[in-house]
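Undergrad: Chain by chain, the residues run as shown.
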Amino acid sequence: MDDPRALLQVRDLTAQFNRDGVPSRVVNGISFDIAPGEAVGFVGESGCGKSVTARAIMRLAPEGSSVAWGGRILFRGRDLLRIEEREMRDMRGRRIAMVFQDPMTSLNPVMTVGAQIDDMLCRHAGLSRRAARRRTVELLGLVGIRDPALRADDHPHQFSGGMRQRVLIAIAVSCQPDLLIADEPTTALDVTVQAQILRLLMRLGRELGMALMLITHDFGVIAGMVERVYVMHGGDIVESGEVDALFAGPQHPYTRALLAAVPRIETAGRTT
Amino acid sequence: MVAIGFVMLAALLAIVILGPVIAPYSPSKTSPGSLAGPSAAHWLGTDSIGRDVLSRLIIGGRGTLLITVVAVAIALAAGLVLGLVSGYVGGRVDQAIMRVLDVVFAFPVFLLAIAVVAALGPTLQNLILTIAIVYTPTLARVVRGPVLSVKRWDHVEAARSVGVGEFAIAIRHVLPLVVSPILVQTSLTLANTIFTVTALSFLGLGPPPPDPNWGSMLAEARQFMELAPLTVIGPAAAIVFASLTFIVLANGLREMLDVGSR
Chain L
1 MDDPRALLQV
11 RDLTAQFNRD
21 GVPSRVVNGI
31 SFDIAPGEAV
41 GFVGESGCGK
51 SVTARAIMRL
61 APEGSSVAWG
71 GRILFRGRDL
81 LRIEEREMRD
91 MRGRRIAMVF
101 QDPMTSLNPV
111 MTVGAQIDDM
121 LCRHAGLSRR
131 AARRRTVELL
141 GLVGIRDPAL
151 RADDHPHQFS
161 GGMRQRVLIA
171 IAVSCQPDLL
181 IADEPTTALD
191 VTVQAQILRL
201 LMRLGRELGM
211 ALMLITHDFG
221 VIAGMVERVY
231 VMHGGDIVES
241 GEVDALFAGP
251 QHPYTRALLA
261 AVPRIETAGR
271 TT
Chain W
1001 MVAIGFVMLA
1011 ALLAIVILGP
1021 VIAPYSPSKT
1031 SPGSLAGPSA
1041 AHWLGTDSIG
1051 RDVLSRLIIG
1061 GRGTLLITVV
1071 AVAIALAAGL
1081 VLGLVSGYVG
1091 GRVDQAIMRV
1101 LDVVFAFPVF
1111 LLAIAVVAAL
1121 GPTLQNLILT
1131 IAIVYTPTLA
1141 RVVRGPVLSV
1151 KRWDHVEAAR
1161 SVGVGEFAIA
1171 IRHVLPLVVS
1181 PILVQTSLTL
1191 ANTIFTVTAL
1201 SFLGLGPPPP
1211 DPNWGSMLAE
1221 ARQFMELAPL
1231 TVIGPAAAIV
1241 FASLTFIVLA
1251 NGLREMLDVG
1261 SR
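So the protein sequences, as listed, match chains L and W. Letter 249 of the first sequence, counting from 1, is numbered 249 in this note's numbering, and no numbers are missing. Position in the second sequence (from 1) plus 1000 gives the number in this note's numbering.
Derived by calculation from the structure, the hints in this document are not laboratory data. Glycine is no exception: its CB is placed at the ideal position from the N, C-alpha and C atoms. Watch out, some of these pointers could steer you wrong.
[Claimed, not checked] Pair ranges (Cβ atoms, derived):
{"id": "1", "chain 1": "W", "residue 1": "M1001", "chain 2": "L", "residue 2": "S128", "range": "38 to 46 Å"}
{"id": "2", "chain 1": "L", "residue 1": "T192", "chain 2": "W", "residue 2": "V1103", "range": "56 to 64 Å"}
{"id": "3", "chain 1": "W", "residue 1": "L1018", "chain 2": "L", "residue 2": "Q176", "range": "34 to 42 Å"}
{"id": "4", "chain 1": "L", "residue 1": "P62", "chain 2": "W", "residue 2": "M1256", "range": "30 to 38 Å"}
Construct the complete structure from the given sequences, taking the supplied hints into account.
TA: See the structure below:
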């Protein structure tokens, strides 16, 4: 299990919320590895602790709540739960980046999308405004936005949901992070757009050599996208393995239940 | 609505800025014939010692509006800082700041003004400072409220997730989203402050004579109201017009910016 080549090694991670003095544990000491450039899926129903796990890696507590983390999160040998906030801030965006669930609300509505990417590049890559804008246009093109030079001066409300998610992905990959965490990146999108966004994430992962942590409640999203899967339930990892093996022979009853929940066209007619 | 407000504001500013150029007489120059009615020489007549009412109105507006604008600017700056820190940082800092502001807020405006002026003397600075202190809590609250909600929005967490520091988040990702209620409240505060300034001047707590201002003109003219009604109607109309300007502007801004529907 202790693979020295691993990019991220999580050991005995726990997360405990404190609501009105009553502690409630949402992650029960989970351990997993992510290798450089690897695409890993995390599947489970809402409330199973997968988003909290992602936020632990970013060390972001949900606003307005206090959360206590335990265990270790080793990222390139540094324990993210123990480094200074200043160092962590440098990690965010530059080494580890995140794509959020709802693209409609994850962009600053009063800044142009270009300015939001420029900001990132100036902060982390130390580019001048002019150089940052050139790179911003490249990035917008890279994530598949047409006329990127023109669209960079538009505000978020001038973009559709799918396009906004592309912008958020452009922001996330702007500094070529080693690890990209995508927390339900397609849940808020139209079905037709979902596949495009997933393919974009996979392509960028390959082209930029990023490891990808794809969090979802939908096994259909995971299939064909990632190499390995961790199934989470009630704050534990109940099953893990190669995605093909897991699909072929799920061991844990919860995994079987999740797989059975994926709608299939060929069975849809028969079940009625 | 907002267009009307801006036209009124432009007229007000033009009169105030061009005051010395367009005023027909010096505001302290006396001419024979006190309490005279309107004439070609004195459109709004003269006051009790023969000074031109129109000229005094124009020049007096400069003093009143200068105090108003400077005081509100100070209150706005203080309110922005206190409201943003209070709302964004939250917790004990929020509690501490808001309790202090509550205490200030609890003081009646005039009581506080009379106390300050009695203790420190009726100077321009004291008057401005008093009014600024009085209106800081209102503006701080208007800033704090929306900050409390905006700081929980997703884009703030998204900004944090790419390594933006807390200070930069507060300035670039929270503050720009709360400007509309602040604009509206600032305009309303300007309207209120005009009343406060003239009322304090009326009570003799305003800037010392001989500089004319609308409040003291009203106070002087009060005794001769029946003999020369224009000496009272003039400053009264000016006060109403100036306040109305900012109220109309505030309403227009509110409609235009659609505060609260976001």
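Undergrad: Of all the hints numbered above, which does this structure not satisfy? Sort the numbers upward.
TA: Violated: hint 3 alone.
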